[in-house]
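Protein chains in written order, with the working numbering: chain A, 57 to 261; chain B, 57 to 261.
For the record, the hints were derived by calculation from the structure and aren't laboratory data. Hints may be right or wrong, so weigh each one.
[Claimed, not checked] Which bits of chain B does chain A cover? Going by a derived footprint, with three or more residues having C-beta under 8 Å, they are:
no., segment
1, 126-132
2, 211-219
[Claimed, not checked] Think about it this way: if two alpha-carbon atoms lie no more than 27 Å apart in a straight line, the pair counts; the simulated DSS-like pairs of lysine-lysine are:
no., chain 1, residue 1, chain 2, residue 2
3, A, Lys78, B, Lys58
4, B, Lys78, A, Lys108
5, A, Lys108, A, Lys58
Glycine included, each C-beta is placed from N, C-alpha and C at the ideal position.
Protein chains: 2
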Amino acid sequence: MKQERAERTRAAVVLAASEEFKERGFAGASVSRIADRAGVTLGAVYFHFPSKNELARDIVSRQPDFVVPPHPSHGLQRVVDVTLTWAYQLLDDPVLQAGARLVWEQERFMEPERNSHDQWAGLLLPELRAARRLRELRTGTDVEAVARLVVNACTGAQMHSYVEARHRDLPQRVEEIWRCLLPAVAVPSAARRIELGAGRGRPAP
Amino acid sequence: MKQERAERTRAAVVLAASEEFKERGFAGASVSRIADRAGVTLGAVYFHFPSKNELARDIVSRQPDFVVPPHPSHGLQRVVDVTLTWAYQLLDDPVLQAGARLVWEQERFMEPERNSHDQWAGLLLPELRAARRLRELRTGTDVEAVARLVVNACTGAQMHSYVEARHRDLPQRVEEIWRCLLPAVAVPSAARRIELGAGRGRPAP
């Protein structure tokens, strides 16, 4: 019972912190405002997270856990699905929105060797290796370079989509990235099989 | 004479503002500190730039003017050269460093329809169209999508290179982007001709 209550409080704090970070960024966020938003005491926040740094680090480092594609898939389709799911979820998930906002302040609270770029690239890499085993990739494709390129392109798309449209067109931008990239990465038969549009990655209503 | 002095002052203000923005970002920058750094009066700053917004807008919107590849080139090689030149110059040019830092705060001072992403994509587009006329591109390549992808990937690479290495490895990251991307975009004969490494874009010593 006690454990359950502690977990509920922790989740409420993470959600409140996400909204605070999303609106004010890391530098502008205040832990006491987070406590107010979560409806808990300042002591309760600090019980779970010793500092604002810890809170931000938790939210950024757990981003990939929140992105679970609605369709089963593997290999190259899985890589595509993860990026599209992230793009759709970013439209209304405060934890992902906080992650997107915090990415450019992460030097304040993340160790450089555990940054969000490496996290995401590390998540995509096993699926790209699976794609290679499945003979979906062109000969000589450097899977680590492709993982980094996908993360870079999605990061840039996220930033620019935010500036222009508050992320509303992000799924379309990510689809466009894949339409350009697939011919570089996939053998023609695999490129033809990959599903992109029509709400791939969009959660079922 | 008077005109010349005014131009020198303006250039000193832009340089001082670049250093201030680079270190403190848009929100943290102060116009009076910029005046101090430039060794001019606050009135002199405001004579050239009515507000901090105007200063930031000037620096961001003129970024492409500062990036002039050291080699003559055209078509796809020009697109590559512009991105590599930008990557090398970012290592020690405060105006470009300020531009990189301001990109994620631009909603505070740029109109959304005149954002840095569109500026850069607009700069690359005519060269990509030239590449198409030169038959360097694969049939069916969407040049506008490619321009956006290149800008997105460079933006993401810039951010992550900053977090991990204070931009020191940016030229290598941009080279890597092109090694992945060329097979998607260029016909094989053109892809083979494109020069990438060995300081393409690096200014002559």
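Status of each hint after checking the structure:
1. 126-132: violated (count 0)
2. 211-219: This one holds; 7 residues, not fewer than the three required, reach chain A with a Cβ under 8 Å.
3. A:Lys78 to B:Lys58: With a Cα-Cα distance of about 48 Å, the restraint between lysine 78 of chain A and lysine 58 of chain B is violated, given a limit of 27 Å.
4. B:Lys78 to A:Lys108: Within the cut-off at roughly 24 Å; holds.
5. A:Lys108 to A:Lys58: holds, 24 Å
Of the hints listed earlier, those the structure fails to meet are numbers 1, 3, in rising order.
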